[in-house]
Amino acid sequence: MPWRDRTGAFSPFKAVVFAALFLPALLLAEAAWTATLGPKPWQAATHDSGTWAIRLLLLSLAITPARQILRQARIAELRRMIGVACFAYVMLHLVIYAGDLAFDWLKVASEILRRIYLTIGFVALLGLAALAATSTDGAVQRLGGPGWRRLHRLAYPIAALALVHFTLQSKADVTEPMLMAGLFAWLMGYRLVAPQGGAPSLPVLLALAVAAAAATAGIEFAWYALATGINPWRVLEANLDVTFGLRPALWVGIAGLGAAALRALPRRRTARRPAEA
Amino acid sequence: MPILIRRGWEIPEARVTPEHLVFGRRKAMLAGAGLLAAPAMASAQEAAPLRAMRNTRYVPGRDITGEREATTFNNYYEFGSDKGISRPAQRLPQRPWTVKVEGMVETPREFGIEDLLRTMPLEERVYRLRCVEAWSMVVPWTGFPISALLEVVKPLASARYVVFETAAIPAVMPGLRQSWYPWPYIEGCTVAEAANDLSFLVVGAYGKLLPPQNGGPIRFHQPWKYGFKAGKSIVRITLTDRRPVSFWEQIQASEYGFWANVNPEVAHPRWSQASERVLGTNARIPTQLFNGYGEFVAGLYTGLQNERLWA
Ligand code: HEM
Numbered sequence: 001m002p003w004r005d006r007t008g009a010f011s012p013f014k015a016v017v018f019a020a021l022f023l024p025a026l027l028l029a030e031a032a033w034t035a036t037l038g039p040k041p042w043q044a045a046t047h048d049s050g051t052w053a054i055r056l057l058l059l060s061l062a063i064t065p066a067r068q069i070l071r072q073a074r075i076a077e078l079r080r081m082i083g084v085a086c087f088a089y090v091m092l093h094l095v096i097y098a099g100d101l102a103f104d105w106l107k108v109a110s111e112i113l114r115r116i117y118l119t120i121g122f123v124a125l126l127g128l129a130a131l132a133a134t135s136t137d138g139a140v141q142r143l144g145g146p147g148w149r150r151l152h153r154l155a156y157p158i159a160a161l162a163l164v165h166f167t168l169q170s171k172a173d174v175t176e177p178m179l180m181a182g183l184f185a186w187l188m189g190y191r192l193v194a195p196q197g198g199a200p201s202l203p204v205l206l207a208l209a210v211a212a213a214a215a216t217a218g219i220e221f222a223w224y225a226l227a228t229g230i231n232p233w234r235v236l237e238a239n240l241d242v243t244f245g246l247r248p249a250l251w252v253g254i255a256g257l258g259a260a261a262l263r264a265l266p267r268r269r270t271a272r273r274p275a276e277a
Numbered sequence: 001m002p003i004l005i006r007r008g009w010e011i012p013e014a015r016v017t018p019e020h021l022v023f024g025r026r027k028a029m030l031a032g033a034g035l036l037a038a039p040a041m042a043s044a045q046e047a048a049p050l051r052a053m054r055n056t057r058y059v060p061g062r063d064i065t066g067e068r069e070a071t072t073f074n075n076y077y078e079f080g081s082d083k084g085i086s087r088p089a090q091r092l093p094q095r096p097w098t099v100k101v102e103g104m105v106e107t108p109r110e111f112g113i114e115d116l117l118r119t120m121p122l123e124e125r126v127y128r129l130r131c132v133e134a135w136s137m138v139v140p141w142t143g144f145p146i147s148a149l150l151e152v153v154k155p156l157a158s159a160r161y162v163v164f165e166t167a168a169i170p171a172v173m174p175g176l177r178q179s180w181y182p183w184p185y186i187e188g189c190t191v192a193e194a195a196n197d198l199s200f201l202v203v204g205a206y207g208k209l210l211p212p213q214n215g216g217p218i219r220f221h222q223p224w225k226y227g228f229k230a231g232k233s234i235v236r237i238t239l240t241d242r243r244p245v246s247f248w249e250q251i252q253a254s255e256y257g258f259w260a261n262v263n264p265e266v267a268h269p270r271w272s273q274a275s276e277r278v279l280g281t282n283a284r285i286p287t288q289l290f291n292g293y294g295e296f297v298a299g300l301y302t303g304l305q306n307e308r309l310w311a
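One line per chain: the protein sequences are A and B, in this order. Residue numbers for the first sequence follow the working numbering, beginning at 1 and rising by one. Residue numbers for the second sequence follow the working numbering, beginning at 1 and rising by one.
Pulled out of the complex, with its shape left as it was, chain B reads as follows (with noise of 0.2 Å):
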């Protein structure tokens, strides 16, 4: 007799935000196409739309939040420290963009933002994110598993990490003045990690190409870990044998650790994990382990017991 469990974030259809984004994929690389034959854009507030195919197996069980939050509440330390970078963040350039791929690999390389659209296998996530300060949302990626990307340098069997590294431009981050600060915003995980099909970069989101609030041109998120693991405008990924020291693990190491893995009953120093406050709306709701996608994830930890996961 089939034993039908429901996991903790699954809902009924009804309560899921209908699918109105989803295109066929020769229409997401149309949309690729079409940026790439657009004059320099005028303003990323008016991104151009990025459609996709959504994958339904990530169900967020939970409904979308309000675009407007979502980009209008944004921790980028770059613009500065509080969440109302949204403005300022638009005079970051997202075109042209790079990004090296490089370290240990058999075929470094440098990748156009175009490129990527137009190459990679994009598709639509509604994904989870739990903030480490104790909030969440639920965003519309649209992007491609890492794992897509790394297929082409091909990582060395000797590399054992990933790492993201965030543009620092003096010019436009009026935050890289406080010069105290471990710039460039540096990131990590494991390869094996990083394999993992929920491991996603980003390059947009709502149908649009990325704001760069949100970490545009492209960014990263593993939604079952605290955001702050996820890498926003990233420049560079580099493989590499040495675990990265990140930004917020300099900073403050006994708050921000390497693995950050969301867990309700490992509080932070100064809050407890346990609830989260759903953007945008008045709900505080019971955290998950792993952030609800523990049964994707979970595996990669066995035997690592003695690691400090969740933190």
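Extracted from the complex, chain A is given alone in its bound form (with noise of 0.2 Å):
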């Protein structure tokens, strides 16, 4: 159950992290229920979904760094859940899109199979479904520890895949898009400098701060690049002029910035659970 530890006991903090998980669902079903989703409802809610689906994912993701950096072993117990409201979050968006077609299946099948997409958010899909099927507790013995571990790596192409989806159904817009390849672009690079078990040292972090906001910026351009006519120098420059608001770069930097500091926020000497593996 969610709500219990591995021991079997009720967690509070488990507890309240899987109410929450049901929150963005609770004020969407809200916002459909009242009609204050817009006058294109079907739409707003298949974004609203789509959204939460690609931040849980990356959420899903930070929890490593999360544990290493605070160095809370805790926190590693939310990851199943997260995954798996991941995965529900991307059903809901995969049903709200069906209902903007009428609930017309036939016609859902034909364009995710037409557009490209929407044939690249699929099979994200998919292998979510695999992650969040074999996240049951006989799921994960049957396969072993290893054997797990190594299927569930797969969350990395899958949130990579959804990040293409996300970027290619923007319109010429991509800042959301790439804010969130960029603070992808961090969970990768963690996983690259991390040494074995640990969070890596404040330099360390610093550096990726700084990398990470290199690479969103490198995205970014390369996006403009290849894929519109608009002129990837003028982006690249903008980074520099926060009048319009911070540019994707810029958050991710400071994102960055910010789990370093946590590193650098003194040991807590008082163990609270010395017999923590």
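Hint data in this document are derived by calculation from the structure and do not stem from the laboratory. Bear in mind the structure is a predicted one, so any value in this text is a computation, not a measurement. Glycine residues also receive a C-beta, built at the ideal position from the N, C-alpha and C atoms. Don't take each hint at face value.
Unchecked claim - One-sided excerpt, in silico: chain B residues whose CB lies under 8 Å from chain A: (1) F73; (2) W135; (3) V172; (4) P174; (5) Q250; (6) Q252; (7) A253; (8) W271; (9) R277; (10) L279; (11) R284.
To be verified - Straight-line distance between alpha carbons at most 20 Å, and here's what the computed EDC-like set of lysine to aspartate or glutamate pairs gives: (12) K171/A to D82/B; (13) K83/B to D100/A; (14) K107/A to E133/B; (15) K83/B to E237/A; (16) K171/A to E255/B.
Two chains, two separate frames, one set of hints: put the complex together.
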């Protein structure tokens, strides 16, 4: 049960997070009920559910870094429910999209086959389904630790596909998907530089923050250069102009520096759970 | 024997929204004159009434979209890239406003918006607007055919295209700070298309002055084309012999072409154009060729089969 810890005891920490995972869906349902989703409610709901799916996917990938940087082993207990919740939001996303097409599933299928961004989203959905299906205690046991971990490394390419889907569905403004792609770059970079079982040192995390920000600017540059008629150099330059709000690269840099700052927090002397492995 | 063929978009009279806004031409002119006398308008949200006789030649065939929906769900990248820009758009000053008409014309001129309201043959037309994003609405515009304006400036025989330029005022348009977009917003059509009676310069909606988020004080609309072809808040109209490359065409030529006539059978690269969501309703209806205006405009395209007419 998602509200119990490994020993089977009730865990308020897990219970609160579990309840919170329902919140976006409840707010969406409320907005639908009160007709405040705007004049195109189905599409608005498609966007909302998709946005939450990608957020939860990245959040599930942020669990290990958060656990290691904050030195809070309990955080790891959240990963499964966040991952499964991500899948639930993706399914909701698909059902709402089908609703937008008046639940004409044949049409849904043909659109998925014909539009490359939907095909990509569908492959990501299948991957998430496989991960969700192997998230029960029984499945973990059957696969064995190493096998399970190998399978669940699929989360990385799935996230990459989901980000491509997110980017392709945008019109001209790819600010949001680029922000997400940048955070994903940080999460992947973290895995490259983290030593076995622990967080990287402060200088490494600082370097990672800068590298992830640069990668974000680079991905954005490449996108505008390859996929649009917009001058990518103007986009790159705009990273220095903060009058329209911060560009994705800057947000990613700030998030990376935040992670480094957390790492620099003094280690708490009184470990509450000395026995924790 | 007369055979009555009901065209796709025609519907029984009873479904058409009652004409609550039908007034005489003279009243339209009075309203326009009243504007002139009125002190600076306090808020565009409280737009002044602008009444004109409804043109019954163009029947929408669908219910008119609610004013709230049509005035709060707007694409206007100068104010931001989501649809909820109606509030920031209120900062766009609507007066004084002038439209330069220049280029290949006999008498280039700058028109004050009040002059246009006073001198142009205002009428109300209920048009379907089909957005390239597969949604649509039906709006009672008030305005005048652009041909009436072109008659005043007299295009030269060498002019082949009409180019519309949208205002670009950094102080009130935060979107302009996204400096990588090819501002100002440019759109255009051929002189032949502009000469079509459907090509409409819009100065009002719902019996009032056109609100800024919808392109006030003056915008263009050719209802057989996708909505992005309709430039908003126009400050300059240029006649030229060179085909313009529009704002969206510069950004994404594969998705937004020059002609951009509505065609349900030609999909956008990312979605089908076969059907459309009707704004503010739960309906998804089939999209029609030329957005249902084929009988008026199809002739414009004979001999142009080699052009990419549809997207
Ligand atoms: C069969 C699978 C999927 C289908 C049919 C689908 C369909 C769609 C559609 C129709 C849109 C909106 C496009 C538009 O408005 O033009 C969209 C947007 C989006 N989808 Fe999906 N999707 C699928 C899978 C996924 C997956 C697996 C994820 C992430 C884990 C995801 C995340 C998103 C996001 C983040 C957006 C953009 C939301 C926004 O801009 O606010 N989708 N999807």
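Hints and how they fare:
1. F73: OK, holds: F73/B within 8 Å of chain A, min 5 Å.
2. W135: holds, 6 Å
3. V172: violated, 14 Å
4. P174: Interface hint status for P174/B: holds (6 Å vs cutoff 8 Å).
5. Q250: Q250/B check passes; min Cβ-Cβ to chain A is 5 Å, inside 8 Å.
6. Q252: holds, 6 Å
7. A253: holds, 6 Å
8. W271: holds, 6 Å
9. R277: At about 6 Å, which falls below the 8 Å cut-off, the nearest Cβ of chain A leaves the hint on R277/B intact, so it holds.
10. L279: At about 5 Å, which falls below the 8 Å cut-off, the nearest Cβ of chain A leaves the hint on L279/B intact, so it holds.
11. R284: This hint holds: R284/B lies near chain A, its Cβ roughly 6 Å from the closest one there, short of 8 Å.
12. K171/A to D82/B: The given pair, whose Cα atoms are some 10 Å apart, holds under the 20 Å limit.
13. K83/B to D100/A: holds, 18 Å
14. K107/A to E133/B: Holds, because 18 Å separates the two Cα atoms, which is no more than 20 Å.
15. K83/B to E237/A: Violated, because 26 Å separates the two Cα atoms, which is more than 20 Å.
16. K171/A to E255/B: The given pair, whose Cα atoms are some 10 Å apart, holds under the 20 Å limit.
Checked against the numbered hints listed earlier, the structure breaks hints 3, 15; every other hint is satisfied.
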